[in-house]
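**Student:** This is what each chain is made of:
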Amino acid sequence: MKIWIERQRSLIDFTVAGLLRRKVRNLGLMAVYSCVVFILATVMLFTHSLRKEASVLLSDAPEITVQRVIMGRHALIEHTDLDVVSKIRGARHARGRLWGYFYDTANGANYTLMVPDKVHTIKQGQVQIGAGVARARDLKKGKFLFLTTNRGKLFKLQVSGILSTESELVSSDLVLMSEQDYRNFFRLPSNVYTDLVLNVRNSREVTKIAEKISAVLPDSRVITRDDILRTYESLFSWREGILLALLGGALCSFIIFAWDKTSGLSASERQEIGILKAVGWETSDILTMKLWESVLISLGAFLFAYTLAYLHVFYFSAGLLEPVLKGWAILYPQFHLTPEVDPLQVMTLLFFTVFPYVAATLVPIWRAAIIDPDTVMR
Amino acid sequence: MSHKGKTADRFRYSDVVLMLFSIGLLIMIGSFFGGRDTQSRAPARELVSSLGLSDLALFTEARYLRHLSQADLHSAFQDHPVSFDHFPGGSLVMPRLIGITEGVDHENMD
Amino acid sequence: MIVFENVTKTYNEGAENAFNAILNLDLTINSREITVLRGPSGSGKTTLLTLIGGMARPTSGRIHVAEREVTSLPERFLTKMRQDTFGFVFQSFNLIKGLSVLDNVMLPLTPLGRPRNQIRKEAYALLERLHIQSKAHNLVETLSGGEAQRTAIARALINNPPVLIADEPTANLDTGLSYAFMDIIKELKDQGKTVVMTSHDPLVWKSEIVDQVISVRDGKIESNPT
Numbered sequence: 001m002k003i004w005i006e007r008q009r010s011l012i013d014f015t016v017a018g019l020l021r022r023k024v025r026n027l028g029l030m031a032v033y034s035c036v037v038f039i040l041a042t043v044m045l046f047t048h049s050l051r052k053e054a055s056v057l058l059s060d061a062p063e064i065t066v067q068r069v070i071m072g073r074h075a076l077i078e079h080t081d082l083d084v085v086s087k088i089r090g091a092r093h094a095r096g097r098l099w100g101y102f103y104d105t106a107n108g109a110n111y112t113l114m115v116p117d118k119v120h121t122i123k124q125g126q127v128q129i130g131a132g133v134a135r136a137r138d139l140k141k142g143k144f145l146f147l148t149t150n151r152g153k154l155f156k157l158q159v160s161g162i163l164s165t166e167s168e169l170v171s172s173d174l175v176l177m178s179e180q181d182y183r184n185f186f187r188l189p190s191n192v193y194t195d196l197v198l199n200v201r202n203s204r205e206v207t208k209i210a211e212k213i214s215a216v217l218p219d220s221r222v223i224t225r226d227d228i229l230r231t232y233e234s235l236f237s238w239r240e241g242i243l244l245a246l247l248g249g250a251l252c253s254f255i256i257f258a259w260d261k262t263s264g265l266s267a268s269e270r271q272e273i274g275i276l277k278a279v280g281w282e283t284s285d286i287l288t289m290k291l292w293e294s295v296l297i298s299l300g301a302f303l304f305a306y307t308l309a310y311l312h313v314f315y316f317s318a319g320l321l322e323p324v325l326k327g328w329a330i331l332y333p334q335f336h337l338t339p340e341v342d343p344l345q346v347m348t349l350l351f352f353t354v355f356p357y358v359a360a361t362l363v364p365i366w367r368a369a370i371i372d373p374d375t376v377m378r
Numbered sequence: 379m380s381h382k383g384k385t386a387d388r389f390r391y392s393d394v395v396l397m398l399f400s401i402g403l404l405i406m407i408g409s410f411f412g413g414r415d416t417q418s419r420a421p422a423r424e425l426v427s428s429l430g431l432s433d434l435a436l437f438t439e440a441r442y443l444r445h446l447s448q449a450d451l452h453s454a455f456q457d458h459p460v461s462f463d464h465f466p467g468g469s470l471v472m473p474r475l476i477g478i479t480e481g482v483d484h485e486n487m488d
Numbered sequence: 489m490i491v492f493e494n495v496t497k498t499y500n501e502g503a504e505n506a507f508n509a510i511l512n513l514d515l516t517i518n519s520r521e522i523t524v525l526r527g528p529s530g531s532g533k534t535t536l537l538t539l540i541g542g543m544a545r546p547t548s549g550r551i552h553v554a555e556r557e558v559t560s561l562p563e564r565f566l567t568k569m570r571q572d573t574f575g576f577v578f579q580s581f582n583l584i585k586g587l588s589v590l591d592n593v594m595l596p597l598t599p600l601g602r603p604r605n606q607i608r609k610e611a612y613a614l615l616e617r618l619h620i621q622s623k624a625h626n627l628v629e630t631l632s633g634g635e636a637q638r639t640a641i642a643r644a645l646i647n648n649p650p651v652l653i654a655d656e657p658t659a660n661l662d663t664g665l666s667y668a669f670m671d672i673i674k675e676l677k678d679q680g681k682t683v684v685m686t687s688h689d690p691l692v693w694k695s696e697i698v699d700q701v702i703s704v705r706d707g708k709i710e711s712n713p714t
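Residue numbers (my numbering), protein chains in the order written: chain D, 1 to 378; chain Y, 379 to 488; chain Z, 489 to 714.
One should not assume that every hint holds.
Within a straight-line C-alpha distance of at most 25 Å, the following computed SDA-like cross-link-like pairs (lysine to any residue) qualify [as the list claims (entries may be wrong)]: (1) D:52 - Y:419; (2) D:123 - Y:427; (3) Z:609 - D:4.
Read the hints as simulated data drawn from the structure, not as lab findings. This one's a predicted model, so the numbers in the text were calculated from it and none came from an experiment.
From just these sequences and the hints, can you work out the full model?
**Tutor:** Given below as structure tokens:
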């Protein structure tokens, strides 16, 4: 065992010295390799942890949401419907929600205006805003937020608090205001809500109660918490697939490039293998040495790139992906994802980046390593 | 390269390489166990349950992207449920297939 | 003792351009002696050297090394025998560029799994013996011809093999260095090593320390060399 370890160490010494001899070529190779792995790993880590984040955070979302649909579109729901829903057996805490989407002409950003539940009571004339809104409008606690209604009327609201930055992934664009302000702002009659939410006494009966609601309110659409979670479970999955397929193509061409580079062993490499055989190296020694060489390059690049991707996603908020995700939005949440990694995904990436390269390099070496050592004498 | 070490290397390449690899592997394996930090999610979870939030504020450029789970089935994808959207964010997220393929709401909608 | 019995080496066997580098050759090389194979280029002396050193197999005939028949040994044993029995000094030295003198000398022992510090010590001692210890950490491409050859000799000796094989050792050296080389060979002989060299340099084959000169021409031994 000790001999085996010492043998490997000596072979690594030799391999590294050899790699350093062709510094530019090998570092270039590793850089390209790292780039491919970095992008793949970033996308994988980001989408996985974001999905995980969504499933954890939204596990506390309302169990059932009832929307009224008119002509295929989401419409305001009336107070009488709330009474109907409340009377369904098994339904608990049914309440009407007021929330809406607001385009701020001042800066082109979109806010979500919302009336909080009883817990977060907000006085008339005051608002609590998400950190994203505070950034977009450069607001601090105590300052005033001016909003223009769709009729051109100016609303002056004092910022009574800013929602914590830790919650920005769900609260970045929120503007929480009192019910009176909300209804005045959007000129809503007092008997309508955006939608209804309710809890269910026995969580196994969610489907049953959803069916009941559909029966008593045929013009409504019922969204269960499972629906929400499923929506976020599939978040990005199609684009991630396309992206990974494209990058898979990039990876393939890289492997072909690597194959091309290595299968045509250069004359100096052949010469070197001949010398090693002539001074007493066995074919297996040469293969082991070359195996180390390709493992050092591919695994080294992988570990390096994976570490970078991990730091990028979880410590630098995936800054390089931000332009893609941000799109045309003015408001973009600044959030830190909780480190969450799927080992199977990482091992798959590891296998598909390291194994083909090692295989691609070893075959031609093996062919060269079985030559007779006397070729160096000719 | 050492010019003075007479019988011993100042360092061996293999030691450096193996150490770097060990660190890399430890980081990788360590990263598999990173998701135990539930504390950092507490403020967001509290808001979700107290306000009854249903969506992530990841995309704000359109209502159906901001409130993905609440959006009308067809408002985002006017022509076809899986056609590309003209908002960049809309090309990243999936249209809601719930209700088209399965689910309780669709049967009672028509 | 190395004994050749009716050895033939044919290159490109079966092809149109097949030719016999060595033909039906008998030869005995005694231990602890210096043997020089001489002959014009293309005479087959380098091929003979590769056969002696177990780097190639004969097409027919038998070779005995220390009373052991080696022609039918499997590749692994042949490699082992090369490691244990022979040290090679090639005409073009065949040092690996980009590595230091010390690393090149340590090369044959690298895959054996012996503690590196021990190997280093041995390599350093050899370099001292050959008076190039000051170049130990230089890259081999910076060496002069004589230094490169000493490095090659040190590499050949690191296994402490009983037989040293050298191909045209003085071809790349000037007269002074050639004499210095012969001094090294004499020293090795005094230590009890067997040396086999090819050379057409009279400075080598006329030297008084040489015990046996074998003239090779057209793959055969000439009985009456001029």
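**Student:** Run the distance test for residue 52 (chain D) versus residue 419 (chain Y): straight-line Cα separation, threshold 25 Å.
**Tutor:** holds, 11 Å
**Student:** Need the status of pair residue 609 (chain Z), residue 4 (chain D): alpha-carbon distance at most 25 Å?
**Tutor:** This hinted pair holds, its Cα atoms lying about 21 Å apart.
**Student:** With the threshold set at 25 Å, check whether the alpha-carbon distance from residue 123 (chain D) to residue 427 (chain Y) stays at or below it.
**Tutor:** holds, 21 Å
The structure meets every hint from the earlier list without exception.
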